Amino acid sequence: MKLYKSLIYREMKLSRAYYGFCILFFALLITTVLVGLILPNVDEGVAPGEARLGFTLVSLVIPVLGALFVTRDGGNYKKDVNSGWARAVAAYPVTSKQRALAELLMRLISSLVFMVLGSVVTIVINANFGVNILLPYVSVWMLSGAVGLLIDAGLGVIVMLTRDKKQLKKYIVIANVAMIALLGTVAKYIPSFDESIATKKLLERIVDTLYSGWFFLICAAILCAVSALFLFVYARSYERREA
Amino acid sequence: MTAYQNSIEINGVTKRYDGFMLDNISFQIPKGCIMGFIGQNGAGKTTTIRSLLHITNIDSGEIKLLGLDHVKDEYEIKKRIAVVFDEMPFHDSLNAKDMSLIFEGMYPDWDRNEFRSYLQRFQLPEKKKIGKFSKGMKMKLQIACALSHNAELLVMDEATTGLDPVVRDEILHIFMEYLQNGERSVLMSSHITSDLEKIADMVTFIDKGRILLTGSKDEIVESHGILKCDKEKLAELDPEDVVSIRTNNFGAEVMVNDREDAAFKYRDCVIDPATLDDIMLYYVHRDAKEWS
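From first to last, the protein sequence lines are chains A and P. Residue numbers for the first sequence follow our numbering, so the first one is 1 and each next one is one higher. Residue numbers for the second sequence follow our numbering, so the first one is 1 and each next one is one higher.
No wet-lab data here; the hints were simulated from the structure. Remember, predicted model here, so these are calculated numbers, not experimental data. By construction, the Cβ of each residue, glycine as well, lies at the ideal position given by its N, Cα and C atoms. Since no wrong hints were added, every one of them can be taken at face value.
Each computed BS3-like pair below joins lysine-lysine, with the alpha-carbon atoms no more than 25 Å apart:
id	chain 1	residue 1	chain 2	residue 2
1	P	Lys129	A	Lys5
2	P	Lys97	A	Lys13
3	P	Lys127	A	Lys5
4	A	Lys78	P	Lys128
5	P	Lys72	A	Lys97
6	P	Lys128	A	Lys5
7	P	Lys79	A	Lys2
8	A	Lys78	P	Lys129
9	A	Lys79	P	Lys97
10	P	Lys79	A	Lys5
11	P	Lys128	P	Lys97
12	A	Lys79	P	Lys127
13	P	Lys128	A	Lys79
14	P	Lys79	A	Lys97
15	A	Lys2	P	Lys72
16	P	Lys138	A	Lys79
17	P	Lys135	A	Lys78
18	P	Lys132	A	Lys79
19	P	Lys138	A	Lys13
20	P	Lys138	A	Lys78
21	P	Lys127	A	Lys2
22	A	Lys13	P	Lys128
23	A	Lys13	P	Lys79
If you want a taste of the chain P side facing chain A, the calculated C-beta under 7 Å gives, among others:
id	residue
24	Leu53
25	Ile55
26	Tyr75
27	Lys78
28	Lys79
29	Val83
30	Phe85
31	Glu87
32	Pro89
33	Asp98
34	Leu101
35	Gly105
36	Met106
Start from the sequences, fold in the hints, and give me the full structure.
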């Protein structure tokens with residue numbers, strides 16, 4: 001336990017600037033969402049059904065973006081390579097699995113802290129409009145966090161496959177092009193939203209899903225699976241010895 | 001804890017790179033000794049150190065540290081050894097206090113008070129960012145970290161290179177203190193042979209991936225000598241006695257590998273004592289035999 005405390009302390013210390021940026025970004029995001037939701041509705045009031053639909057969809061931008069940022073590598077990988085730590089740590093009594101687990105724990109802990117901080121939005125919305133969005137907020141946070149971890153695990157695989165900086169750049173370009181192509185393909189299947197009743201019904205079904213207990217469980221399962229994958233990839237990546 | 005006689009045992013280690021090879025190297029460091037590991041840049045010192053720390057995999061051979069297998073018992077070994085690198089591997093934004101907190105979790109025997117006392121002794125500030133330290137201060141911080149967890153073996157890779165003589169002397173003095181209980185050993189790679197002349201008990205000389213000499217420093221230095229003669233006398237020398245010959249306008253300086261024997265054989269020649277620097281220089285040119 002003492003070992004993990006030390007490793008996490010080191011990661012946190014090196015990530016201070018990144019988390020500072022995350023706090024600013026997060027504060028700005030929360031303020032924008034709250035101002036955008038509360039100001040137009042405070043005087044006019046809003047129908048309970050519409051409040052649930054609108055508030056849920058708009059406020060979920062906080063966990064989507066927040067978790068995605070907080071679970072990413074804040075530049076520590078590069079810092080460790082540049083300072084020589086990545087090479088030197090092989091001479092210290094810490095295994096690659098322990099390093100990978102510490103890395104994962106740090107990201108999950110910071111993600112949890114930011115999730116709790118961001119949950120102020122759910123309290124404000126509940127207090128003002130009687131809509132409790134806590135369950136979808138947590139579910140989407142887990143799902144988005146899993147995506148953040150998955151991106152870094154993918155980068156970890158790329159780093160493992162590369163032998164030099166030039167090759168690394170090439171693989172990252174290929175990965176980015178593949179990602180854009182994938183997003184483009186997915187975008188084709190997203191239905192266009194309009195004012196029609198069909199669209200409204202579709203959105204209601206989406207929101208109902210977000211509020212369901214099974215969606216929460218699926219998100220938790222995805223986060224667990226991606227965490228395990230992240231652990232595996234990072235442990236393998238740290239295990240790499242010089243050829 | 002395993003009882004052991006040799007802190008490091010390297011037997012027949014081979015490691016092939018593109019254009020370089022550690023060729024079947026073997027040497028031992030008995031417990032309580034300080035060994036100087038010398039050789040010119042690119043000779044294979046760092047590769048040997050990386051191999052024994054299992055930073056790089058070896059192709060064949062066996063390495064034991066503190067009586068334990070360097071791969072199978074890697075993490076047990078690493079709790080009991082300390083390594084000082086030529087370049088500081090700690091991040092610039094951290095400070096000495098952070099390093100203490102980090103190593104405290106890694107090493108079960110980390111002694112915070114010992115670390116603080118080294119910081120005071122080296123006059124290193126606890127809270128100043130490492131990025132603002134001078135090169136000497138950075139090296140001292142690495143050494144303070146290395147000596148604060150009761151390590152039985154200290155491995156140093158070119159750690160005194162680039163430091164001024166005052167700092168180097170201070171560091172060497174600390175190593176002497178560290179070795180005083182007779183249970184600890186040091187492997188110190190360097191091409192500054194004057195440092196090793198001062199403190200090493202043993203010397204291993206590596207060149208082009210091969211061990212040329214290994215053993216007691218005093219025996220190695222005493223057995224070698226520089227024979228001075230004219231060019232006509234050169235023809236009379238037994239090639240078996242000669243490491244290499246340095247010629248100049250007036251004659252030749254010949255490194256002989258058995259000074260006592262050479263003194264009997266070549267009574268009309270002057271044989272001067274050799275330094276580690278001389279030995280390294282003449283052995284590096286052993287293939288050319290004659291050089292100037």
